[in-house]
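> Sequence:
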Amino acid sequence: MTATTPTASAAHAAPIARTGRLARLWRGRPEDAPWARPAFLGLLAVTTALYLWNLSASGYANSFYSAAVQAGGESWKAFFFGSLDAANAITVDKPPAALWPMALSVRLFGLGSWQILLPEVLMGVGTVAVLYAAVRRRFGAGAGLIAGAVLALTPVAALMFRFNNPDALLALLMTVAVYGVLRALERAEGAAKWLVLAGVAFGFAFLTKTLQAFLILPPLALVYAVCAPARPLRRFGQLGLAGLALVVSGGWWVALVELWPAASRPYVGGSQNNSFLELTFGYNGLGRINGNEVGSVGGGGGGGGGGQGGGWGETGPLRMFNDSIGGQISWLLPAALLLLLAGLVVTWRAPRTDTARAAFLVWGGALLMTLGVFSFMAGIFHEYYTVALAPYLAALIGMGAAVLWEERTRFAASAGLAAAAGVTAWWGWTLLGRTPDHLPWLRWTVLVAGAVAALGLLAAGRADRRLGLAAAGLGLAAGLAGPFAYTLETLSTGHQGSIVTAGPAGAGFGGRGPGGGGPRMDGGDGGRNGGTQPPNGFPNGFPGGGQAQGGQFQGGQFPGGRMQPPGGQSPGGQNQPSTGQNQPSTGQTGQTGQAPTGQMPGFGERGGMGGGGGMGGLLNGASVGAEAKEKLLQDADAYTWAAAAVGAQNAASYQLATEKPVMAIGGFNGSDPSPTLAQFKEYVAEGKIHYFIGSGGGGTGGGMGGPGGGAGSSSEISTWVQENFTAVTVGSATFYDLTSEK
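The numbering used here applies: residue 1175 is where the sequence shown begins, and numbers increase by one.
It is worth saying that the hints were derived from the structure and are not from the lab.
Take these hints with a grain of salt, some might be off.
[To be verified] Cβ pair distances, simulated, as ranges: (1) Gly1364 to Pro1508: 32 to 40 Å; (2) Leu1418 to Glu1581: 39 to 47 Å; (3) Leu1282 to Val1622: 27 to 35 Å; (4) Val1622 to Gly1417: 45 to 53 Å; (5) Thr1850 to Phe1388: 44 to 52 Å; (6) Trp1227 to Pro1508: 26 to 34 Å; (7) Gly1364 to Phe1455: 31 to 39 Å; (8) Ala1901 to Pro1392: 53 to 61 Å; (9) Trp1227 to Trp1200: 54 to 62 Å; (10) Pro1610 to Phe1455: 39 to 47 Å; (11) Gly1364 to Thr1222: 30 to 38 Å; (12) Leu1418 to Gly1861: 48 to 56 Å; (13) Pro1491 to Ala1530: 23 to 31 Å.
Just so we're clear, the structure is a prediction, and the values are computed from it rather than from any experiment.
Beta carbons: idealized from backbone N, C-alpha and C, even for Gly.
When you get a sec, could you build the whole thing from the sequences and use the hints?
Shown next, in the form of structure tokens:
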């Protein structure tokens, strides 16, 4: 044997080993059916393709977060704190974990729509993958595929996994946390490492959206404490270890921020005392439950519960099914609740440590806890929050269908399957009826197909297996047809602004299309309640608590389907809608600028808030014209901030257009006391700010309790600038040169 023989053998073995690994990747586990792994990979491929399609149509999506991403791509300090600008004036009103993947992408590949939104798509695909893995382990590949498909085709999931709000990362981390708990429930040995994984996921979820991360923590901890196979003391010790992992993974950043000298870090946006703990337990915490949110648009008024009208829409057990929210998430929610009950009945007599029953308790507890809080919370609530429900709902659909299918020879099980198919078809028919102009033929198709499937499933236990599978497939197709149609509409349309919804016009209250970013307030396109009263977008329906009835808006008409503010007049005269539009396909704003004097800024032709600073820049930023951009870029590097503007959305628009720091006075709502008038005067005296950008079309006032509107220091700063500096019209925007007094 020659000396080269072993080397030659190793070289020959390497391609074989690689081929073997690829074969195992494609084939999956030996115990799985041959079709299982290819089907799973196909699900991920289709989900990825769907979510990537037309991705850049949303441009910078929510410019509030995109500006923070741009800042984090320029400054590591801004990256760490989640600052809105690279000069670190103020942070976003959330912890920064959701910004970090996007900021790293921008740092690597430059600023653009794809660079910001691609990480969100990957989070969505990752959530589908983790959900499949969690369901497949106990209920089989078929159940996992059903769960993954339901999640991928849920309209609000398709929206938020292509949008740059924190909810995409939150959904992924919550799914990972559930997966960790389920793995820990499988056996006593090795459980600790999976609970630590769950704790870390909860910790980083807290750094994504604060206390919302802990909604499902009680049911998961309770199920583990009762159902885990280890002895009681060991169970509680493992839970304590998971709690420690949570505190460390979520608390390190909080400790650093709280201990950091306030003078050398940005102001904590959303707080009134420059404290992240105050933000966590106030505006982003208990305030969301009781409605007492200091600094909020609604002025901190509490809302009602038990079906009463809260400040952000009707609360009560049917909230997730109402005209505003139903089309986002509730398509299969009745079936999920029914299958949860059925799964618990089937597994009721199982041993304490039965993993199937524990899975129903874990996923069901997560769904019910989140559903309950969302249904009765009186504080700020937007439709897109419901993406948090999607993984739990999808898991229950897959698990429940699998369990009842295995028990289908029993009439009760086949009746349960039939009931799930029938109620889903009926509810899909109901939801599709709320947007009658969108695919009108689909409504009755869903109802008929669902009814046929229900009859077939009723006899599935006695019929040929192939006929039963055909009935089950028809029922699944009928159930997914409605959300799939809404998902396709969501994917085909760009979404911008702070309030966005999935589906066709009339399916929710959010920014859709170029320049979208606000509610429909006219009566067309199947708008809910006749298009006269958005129930969730603003406190009590409209800014300032106004109500629309019969085309009237308390002192203002709806001329041609358009809205006037309370009182009917702006400072400059008659309020007419702005026609400013964004250009989302390029990720850049348009050329129209802000509405000229005498117009209500940001109102588009359809009665929604357009791209020109929707609601004075609260819902979406101002359009930035070429002249304004050119002026801001002149000598910009000589200043710490190229400009300052009231409200984060307005500031974000100019910052994204120029990629230069723009100070957001007052944070998101313009109501944060940062900077104070004294601090702002000091910045101006030191030559750190070049321009002040007026809002409301030529003035520095206007707006609603925030952007340009006059709460606290932002109003004082606006008044001081107007009194001491000369206004100059740049295109259709108003600038004040802070280096040259009157």
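> Now look at each hint and say whether the structure bears it out.
Checked hints:
Checking the proposed 32 to 40 Å range against Gly1364 and Pro1508 shows it holds: the Cβ atoms sit about 38 Å from each other. For Leu1418 and Glu1581, the hinted distance range of 39 to 47 Å is satisfied, since their beta carbons lie about 41 Å from each other. Look at Leu1282 against Val1622: about 51 Å separates their beta carbons, and that is not inside 27 to 35 Å. With their beta carbons about 52 Å apart, Val1622 and Gly1417 fall inside the hinted range of 45 to 53 Å.
Range check, Thr1850 to Phe1388: Cβ separation about 34 Å, and the 44 to 52 Å hint is violated. Between Trp1227 and Pro1508 the beta carbon distance is about 30 Å. The supplied range of 26 to 34 Å therefore holds. One distance hint, 31 to 39 Å for the beta-carbon pair Gly1364 and Phe1455, holds here, with the actual separation near 36 Å. Between Ala1901 and Pro1392 the C-beta distance comes to about 55 Å, which sits within the given range of 53 to 61 Å.
For the hinted restraint 54 to 62 Å between Trp1227 and Trp1200, the CB-CB distance of approximately 25 Å leaves it violated. Separated by about 45 Å at the C-beta atoms, Pro1610 and Phe1455 satisfy the suggested range of 39 to 47 Å. Restraint check, Gly1364 to Thr1222: a C-beta distance of roughly 32 Å satisfies the suggested window 30 to 38 Å. Between Leu1418 and Gly1861 the beta carbons are some 49 Å apart, a value that agrees with the proposed interval 48 to 56 Å.
Distance hint check for Pro1491 and Ala1530: the Cβ-Cβ separation is about 28 Å, which falls inside the suggested range of 23 to 31 Å.
Violated hints, in rising order: 3, 5, 9; the structure is consistent with all others.
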